[in-house]
Each structure stands twice: as C-alpha cells, then as structure tokens.
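The chain contents come next:
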Amino acid sequence: MRPTDLTLAEGLEALDKREISAVELTQSFLDAIERLNPRLNAYITVTGEAALADAAASDARRAKGEARALDGIPLGIKDLFCTEGTRTTAGSNILGGFVPPYESTVSANLKRDGAVFLGKLNLDEFAMGSSNQTSAFGPVENPWSRANDPEKRLVPGGSSGGSAAAVAARLAMGATATDTGGSIRQPAAFCGIAGIKPTYGRCSRWGIVAFASSLDQAGPVARTVEDNAILLRSMAGHDPKDSTSANLPVPDFQAAVGRGVKGLRIGVPAEYRLDGLAPEIAALWDQGLDWLRAEGAEIVPISLPHAQYALPTYYVVAPAEASSNLARYDGVRFGLRENGSDLKDLYERTRARGFGAEVRRRIMIGTYVLSAGYYDAYYLKAQKVRALIRRDFELAWGKVDAIVTPATPSAAFAMDEKQDDPVTMYLNDVFTVTANLAGLPGLAVPAGLDGQGLPLGLQVIGRAFDEETVFAVGGAIERAAGFTAKPGMMA
Amino acid sequence: MSLDAATVRRVANLARLRLEETEVEKLQAELNGILGWIEQLQQVDTDGVEPMAGGAPVEVKLPWREDAVTDGAQAEKVLANAPDREGEYFGVPKVVE
Chain A
3 MRPTDLTLAE GLEALDKREI SAVELTQSFL DAIERLNPRL NAYITVTGEA
53 ALADAAASDA RRAKGEARAL DGIPLGIKDL FCTEGTRTTA GSNILGGFVP
103 PYESTVSANL KRDGAVFLGK LNLDEFAMGS SNQTSAFGPV ENPWSRANDP
153 EKRLVPGGSS GGSAAAVAAR LAMGATATDT GGSIRQPAAF CGIAGIKPTY
203 GRCSRWGIVA FASSLDQAGP VARTVEDNAI LLRSMAGHDP KDSTSANLPV
253 PDFQAAVGRG VKGLRIGVPA EYRLDGLAPE IAALWDQGLD WLRAEGAEIV
303 PISLPHAQYA LPTYYVVAPA EASSNLARYD GVRFGLRENG SDLKDLYERT
353 RARGFGAEVR RRIMIGTYVL SAGYYDAYYL KAQKVRALIR RDFELAWGKV
403 DAIVTPATPS AAFAMDEKQD DPVTMYLNDV FTVTANLAGL PGLAVPAGLD
453 GQGLPLGLQV IGRAFDEETV FAVGGAIERA AGFTAKPGMM A
Chain B
14 MSLDAATVRR VANLARLRLE ETEVEKLQAE LNGILGWIEQ LQQVDTDGVE
64 PMAGGAPVEV KLPWREDAVT DGAQAEKVLA NAPDREGEYF GVPKVVE
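For the protein sequence lines, the chains are A and B, in the order given.
Oh and the first sequence: position 38 is 40 in my numbering, straight run, nothing missing.
Oh and the second sequence: position 41 is 54 in my numbering, straight run, nothing missing.
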C-alpha cells in the first residue's frame with residue numbers, strides 16, 4: 003500500500019510503529035501534489051520546505067516519546083484560514099498578496115497537536131459558491147469522472163472544493179474546511195469523502211476570513227468518519243478571542259464513531275422529499291434508513307415545515323453579513339489597491355477590480371436588503387423565518403436523536419454544465435443549509451454511487467453540541483455502505 | 014418589489030463598487046431574479062416571532078472580558094500588508110484640501 007493511501011488513523015498507527023517516518027510520509031504527499039496538482043488545481047500555495055522541516059521536528063518528538071495527537075500527519079489548509087507568514091488569499095484577487103502576521107486558532111490548534119501543513123487549498127472566492135468555479139485562482143477539478151464520459155471534467159463542489167478534491171485524490175490525509183451553507187458537506191459528497199460541519203461555536207472562527215459570521219463554522223474533511231472525529235477533536239475548543247466560541251469541553255469524538263445506533267431514533271423529514279428528487283438519491287436515502295434499522299435504530303417520520311424557506315432565508319442573511327464583513331476590503335490597510343482620483347474613487351475601483359462577479363453580486367444583494375426602507379421587508383423577515391426554522395428542529399428533538407437526509411440533490415456536475423442562473427446554483431445547498439441557519443452539526447458520509455459511477459452522500463444532522471451521536475450514526479452508515487470506490491485520478 | 018436601473022446604481026454606490034454602465038442591465042436582471050425568488054418569504058406567517066440574531070443554536074449571553082489592554086505596539090505587523098504607508102501611518106490620497 004502506498005503511504006498516501008493510508009487513512010489518517012492508519013497513518014498515526016504506522017508512525018507510532020515506526021513503519022514510516024513523518025518525513026517520508028510528507029514527501030510522499032509532496033510528490034503526489036507535484037504530479038497531480040497541475041491538473042486538479044487543488045492547492046493555491048504549496049509549502050513543501052516548511053512541511054518537511056515540521057515533519058522532521060515531528061519525527062524528533064516521536065523519537066523522544068513525546069508524540070502529540072496528530073504528530074506527523076500531513077494536512078491541507080483551506081486558504082480561508084490565516085496562516086502566519088504564508089500567503090492567505092480567500093480565493094480572491096483582493097487578497098492575492100496578503101501574508102497574515104497571525105495564525106487562525108483552528109490551524110494553531112492543529113499545529114499544537116503536531117500536524118504538518120502541506121499548503122493552502124483552493125476555494126470559491128470568499129467561500130461563495132458551490133462548484134469552486136468562482137476562485138480567482140482558477141477552478142478545481144474533481145478527481146472523479148463519469149464512467150461513460152471520462153473526459154468530461156467535473157466540479158468538486160464548493161466552497162471547500164480544493165480541500166475535498168485534495169483528500170479524495172490523496173494529496174492530503176485530511177484538510178480543514180469551512181461551511182456557511184453546505185461548503186463542507188456538498189464538496190465532501192461530490193468527492194466521495196466525509197466531512198462534518200460542527201455545531202456553531204464548537205470551533206473558533208478567529209483568524210478565518212469571514213463570510214457570514216452567524217453561519218460560518220470550520221470543520222474537517224477526511225476520507226473516513228473516524229478521521230473526521232480525530233481532526234475535529236484537535237480543531238475544536240473554547241477560544242476567548244471568539245466571543246461566539248462555546249466554553250464547553252471537547253468530547254472524545256473518535257470513541258463515539260463505533261458506538262452503534264441501537265435504540266436511537268432517526269428522524270426523516272417529510273419536507274425533504276422534494277419534487278423531482280433524483281430516483282437514485284431517493285433510493286440511497288431509503289437504503290441508508292434500512293441500514294440503520296437493521297442496526298437497531300428506529301426510523302421516525304418528522305416534519306420541518308419551514309425547511310422549504312431555508313434557502314431564500316439564507317440568501318438574505320448570508321449576503322447581508324457578507325456585505326458588512328467585506329466592507330473592510332477597501333484598498334487601504336491590506337490587499338489590492340487600485341488608485342483613484344479621490345478616496346471614494348480608490349475604494350470603488352479597488353473593490354470592483356478585486357472582487358469577482360459572484361462576490362459583487364452578493365455584496366449588492368446584501369447592501370440592498372440592509373438598506374433603509376428594505377431592512378424590515380427582507381432582513382428582519384428572514385431573521386424571523388430563521389427563528390422558525392430553528393424552532394422546527396427544537397420540536398423535532400423531542401421525537402428523535404438525529405436526522406438523516408441526502409447530502410446533495412445530485413452527483414457532481416460538469417464544469418461546462420454552467421449553471422448560468424444564480425438561483426439554480428444556489429439549489430445545490432438545499433439539504434445542507436438548514437443546519438447552518440439553526441447552528442446544528444451536520445456530517446456528510448459517502449454512501450453509494452450513481453449510475454455514472456459518481457459518489458453520493460448521506461447527511462446526518464444532530465442536536466447542538468451532540469456531534470457524538472452524529473458520529474455514531476455516520477459511523478454506522480459508513481460501515482454498512484462499505485464504500486470502497488476510488489476516484490480515477492489518484493496519487 | 015423590482016429593482017430599477019437607478020436603484021442598482023444607488024446600491025452600488027452604497028456598497029462602494031464602481032459599476033460600468035454596460036454592467037447595470039445584466040446585474041439588474043440577476044438581482045431581480047434572486048430577489049423575486051426571495052419574495053416567497055413573504056408567505057410565511059411570522060407574527061409574534063422574535064427574530065433570531067446570531068448563529069448560536071441556543072440563546073447564549075455574550076461573554077464580557079476584562080476591560081484591559083492586552084495588545085498593542087505592533088505597528089510593523091499592522092502595516093506589513095499596507096499597499097502604501099507614510100511612516101507609521103496608512104497612506105491614502107489627499108482627503109482634505
């Protein structure tokens with residue numbers, strides 16, 4: 003077996019048994035990146051020298067018997083996490099040359115535990131997109147392809163498309179990602195890997211380039227549910243620098259993965275049976291519920307009556323917060339500057355040049371819904387509907403312990419099947435976005451293939467701060483699915 | 014509600030985004046498409062509903078920290094990414110004549 007084929011858990015074991023050194027492991031991944039990244043475009047920046055130096059330091063710690071939780075594990079970091087001394091672009095021209103003088107809390111936590119950073123991963127510009135085609139550094143390609151049309155290039159999903167593609171193609175053992183409306187779970191599903199958006203507040207947002215602050219949450223992507231659990235334990239934890247970070251202990255998520263689902267009540271929301279849901283997705287969903295039933299879970303029909311309003315709610319709240327957060331990019335303190343005849347002209351030219359079309363569109367929507375005369379009709383209304391969406395879940399938790407749905411309404415689509423209409427593109431997040439609005443944890447697990455041989459995922463949603471049950475259900479689905487298919491393009 | 018071209022220009026001005034005249038029509042159509050779709054929120058009965066503020070799944074009180082200086086004297090770090098600087102200040106075009 004090639005070192006890049008090891009799961010993260012297997013990698014830790016191999017390092018502990020001295021079957022491989024951290025330097026050798028890191029070098030295998032750097033070689034794989036050199037070979038495949040020119041095609042996949044998953045990494046924007048590769049930090050090979052620093053990675054090898056960190057790996058050597060890790061080997062030294064292990065030799066002294068001082069190995070840490072993730073010592074020597076090569077990871078990719080979504081280029082939305084500020085990394086001290088390493089360019090951080092957010093996939094945007096406006097931050098094309100930005101080198102943060104500080105480290106995000108999540109990446110600092112991973113470093114504290116000995117992880118080795120291979121580089122910074124591509125993403126939709128400012129995490130706004132579901133296909134990775136809005137990145138100023140070019141699109142990422144999905145390492146999977148259709149059985150009957152292998153030449154057709156597919157999208158990896160977004161916004162964490164670089165993270166998901168890198169992990170699926172074995173260009174990293176795991177990666178950090180962020181999820182504002184589905185940006186961890188949708189690309190994980192499109193690339194046949196697992197990814198969890200934890201409860202809002204579980205991971206610190208400090209040092210992560212902000213998109214929509216009340217929705218953004220960091221999480222891992224990795225090939226297995228267990229690997230996600232290992233990574234999340236390191237990433238999570240209270241941070242006084244983020245006032246919305248929860249001051250709660252971080253459980254042993256890994257222990258929960260094998261717990262099983264006996265006696266658990268699994269909710270199935272009637273409203274997610276969308277008209278026109280692809281028959282393959284509907285069948286996979288039924289299959290997943292059968293697996294859980296066979297493992298001793300009880301399947302319970304539930305209702306989330308306001309779920310149908312989740313996407314339009316999101317497309318008021320997220321752009322509103324984005325327009326406010328992105329006001330800081332003005333060409334004065336950091337990032338791109340376009341000179342102008344006066345200060346206002348400088349701002350306007352810098353922002354028009356620095357932001358891509360999707361970001362400009364969302365800033366415009368956000369500015370409009372927050373503007374005098376429209377605030378109540380759009381923004382306030384959306385915040386009230388959001389409260390109803392959250393209440394639907396609170397009522398559901400009286401009846402069930404977790405909810406299982408499809409992760410996406412389709413398998414990965416092709417790069418040239420361009421979804422010209424923004425609303426069509428937004429529908430990719432129809433199953434994932436409710437968890438962001440309600441602040442709940444959601445896990446995507448690869449569960450099967452469609453007729454074209456492309457991966458499809460299921461989603462597990464849980465109670466706030468009950469990632470353990472989410473991991474238990476996800477682990478059970480993973481074991482039953484026995485997903486062993488591999489992408490065509492792989493190290 | 015439907016956005017006219019003048020409103021598109023006004024919003025772009027509020028957002029500090031320079032808009033070329035040739036972009037107005039396309040953007041107007043896109044924004045109206047999105048806003049038309051968002052209109053469906055008006056169907057929801059929200060009478061008496063408290064708007065949700067923030068992303069926390071349960072109402073949590075914002076923590077307070079001690080009002081103490083914990084940081085500072087990092088001019089070089091703060092200015093490290095500045096496109097233009099004058100000594101320890103950010104440089105910008107003349108604002109006051």
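There could be a bad hint or two in this list.
[Unchecked claim] Here's a subset of chain B near chain A, in silico, CB distances under 8 Å, partners left out:
{"hint": "1", "residue": "P64"}
{"hint": "2", "residue": "G68"}
{"hint": "3", "residue": "Y102"}
[Stated by the list, open to error] Label-pair distances were calculated between CB atoms; the ranges are:
{"hint": "4", "chain 1": "B", "residue 1": "D84", "chain 2": "A", "residue 2": "S343", "range": "34 to 42 Å"}
{"hint": "5", "chain 1": "B", "residue 1": "N94", "chain 2": "A", "residue 2": "N150", "range": "47 to 55 Å"}
{"hint": "6", "chain 1": "A", "residue 1": "R155", "chain 2": "B", "residue 2": "D84", "range": "29 to 37 Å"}
{"hint": "7", "chain 1": "A", "residue 1": "R70", "chain 2": "B", "residue 2": "K74", "range": "31 to 39 Å"}
{"hint": "8", "chain 1": "A", "residue 1": "A359", "chain 2": "B", "residue 2": "D84", "range": "18 to 26 Å"}
Bear in mind the hints are in silico, worked out from the structure with no lab data behind them.
Yeah, the Cβ is synthetic: ideal placement off N, Cα and C, and Gly gets one too.
Checked hints:
1. P64: For P64 of chain B, the interface hint holds, since the closest Cβ of chain A sits about 3 Å away, which is under 8 Å.
2. G68: holds, 4 Å
3. Y102: violated, 11 Å
4. B:D84 <-> A:S343: 34 to 42 Å: holds, 36 Å
5. B:N94 <-> A:N150: 47 to 55 Å: The hint (47 to 55 Å, Cβ to Cβ) holds, given that N94 of chain B and N150 of chain A are roughly 49 Å apart.
6. A:R155 <-> B:D84: 29 to 37 Å: violated, 47 Å
7. A:R70 <-> B:K74: 31 to 39 Å: The hinted range 31 to 39 Å holds for R70 of chain A and K74 of chain B, with Cβ atoms some 34 Å apart.
8. A:A359 <-> B:D84: 18 to 26 Å: Since A359 of chain A and D84 of chain B have Cβ atoms about 37 Å apart, the given range 18 to 26 Å is violated.
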